[in-house]
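Student: These are the residues of each chain, in order.
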Amino acid sequence: MAVKEILQYPDQLLKTVCAPIEKLDAETDAQLQDLIDTMVASGHSVGVAAPQIGVPRRAVVVDVSKSKLGRDNNHGLLVMVNPEILEKEGEETMREGCMSVPDYTGNVTRAESILVQFLDRDGSDRVIRANGFEAVAIQHELDHLDGLLFLDRVSNLKTDVYRRKK
Amino acid sequence: MTHFALTIIGRDRSGIVSQVTEILYQLGCNIADSSCSILGGQFAMILLISNPAIKEKSDFGDAFTPLEESGLSVFVRTLKPGGETRSQLEGDICLISVYGADKPGIVYQVAKELGDRKVNITDLNTKLIGSETRPVYVMMLEAVLPPEMSEDDLKTIMDRLKGEMQVDISVRSITPVEL
Numbered sequence: 001m002a003v004k005e006i007l008q009y010p011d012q013l014l015k016t017v018c019a020p021i022e023k024l025d026a027e028t029d030a031q032l033q034d035l036i037d038t039m040v041a042s043g044h045s046v047g048v049a050a051p052q053i054g055v056p057r058r059a060v061v062v063d064v065s066k067s068k069l070g071r072d073n074n075h076g077l078l079v080m081v082n083p084e085i086l087e088k089e090g091e092e093t094m095r096e097g098c099m100s101v102p103d104y105t106g107n108v109t110r111a112e113s114i115l116v117q118f119l120d121r122d123g124s125d126r127v128i129r130a131n132g133f134e135a136v137a138i139q140h141e142l143d144h145l146d147g148l149l150f151l152d153r154v155s156n157l158k159t160d161v162y163r164r165k166k
Numbered sequence: 001m002t003h004f005a006l007t008i009i010g011r012d013r014s015g016i017v018s019q020v021t022e023i024l025y026q027l028g029c030n031i032a033d034s035s036c037s038i039l040g041g042q043f044a045m046i047l048l049i050s051n052p053a054i055k056e057k058s059d060f061g062d063a064f065t066p067l068e069e070s071g072l073s074v075f076v077r078t079l080k081p082g083g084e085t086r087s088q089l090e091g092d093i094c095l096i097s098v099y100g101a102d103k104p105g106i107v108y109q110v111a112k113e114l115g116d117r118k119v120n121i122t123d124l125n126t127k128l129i130g131s132e133t134r135p136v137y138v139m140m141l142e143a144v145l146p147p148e149m150s151e152d153d154l155k156t157i158m159d160r161l162k163g164e165m166q167v168d169i170s171v172r173s174i175t176p177v178e179l
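Going line by line, the protein sequences match chains A and B. Note that the numbering used here has the first sequence beginning at 1, numbered continuously upward. Note that the numbering used here has the second sequence beginning at 1, numbered continuously upward.
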């Protein structure tokens, strides 16, 4: 139950493949709450992955419902443990920025629609279809669990140096 | 620390980048920002460089002479303090693509509409495509809108221009998403 500091590259934890979560115990639940608290406290963020707060385990939180791009098409606050993408469809390019790579943005092409399976905070198995911005946000956060930053997926460096809009 | 803008252009061949950067490395120069591209048969490099020991242009001496001797044109510009940092641009970022049958003034007319409205062009590329008998001009530009201008305002302006110039123009927002 705390707002954690967001790690920034070159912290090597951000390049770590995270371990699956075996048990949803009290410690894990506290870490999930930290993720939510950190996401909310950062104000402009629509998602945080566990390794970004120094926890190399497979959990992310995503909530695009407060953002202009995602507010009409979303599942609200998603707490995702051991998430896995089952299906990908379509393509969409967005210029992404990441709190772990400040002051840098890049064009990334991702699936427009995904089917994703995960355990929620209570340990129930869920499968949802996410589209548009929510799908992009989930894919971005899930990449963190495999040690991938959006820099690994940028298609063109040339014009990708704008400061992100706060 | 004084920053310099170094621009280099010459007929494209392999090895230009390594030739240039070897000299910079041996001078102990930092490359803070750079963009290099091929235009037609020419390779062009633009680099912002700095070195604590180099205060003015003349300090480079004849370091770039080998480049000139190998057929490249070299120009060094001394930046005023702060000239190496980008000013914070607040508005929406849009990608404007313009294409149509080639004719004089495509770039100018679009740029004038934007410039007159304080829209800041931050990236611009053009290319002539199509066949010799039916050339097509393509322009892609990125621009930061002034805070009071919306994407829709820009679309309205560009729609009018599209009719006047008989070219196709599309506008889309590419403002970065925060993740």
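The hints are simulated quantities; they were obtained by calculation from the structure and are not laboratory data. Please note that the accuracy of each hint is not assured.
One-sided and incomplete, this derived list gives chain B residues near chain A with beta-carbon spacing under 7 Å [what the hints assert, rightly or not]:
{"no.": "1", "residue": "Pro81"}
{"no.": "2", "residue": "Ile157"}
{"no.": "3", "residue": "Val177"}
{"no.": "4", "residue": "Glu178"}
{"no.": "5", "residue": "Leu179"}
All residues carry an ideal CB built from backbone N, CA and C; glycine is no exception.
Student: Run through the hints listed earlier and report the numbers of any the structure violates, in increasing order.
Tutor: Numbers 1, 2 - these are the hints that the structure violates, sorted from lowest upward.
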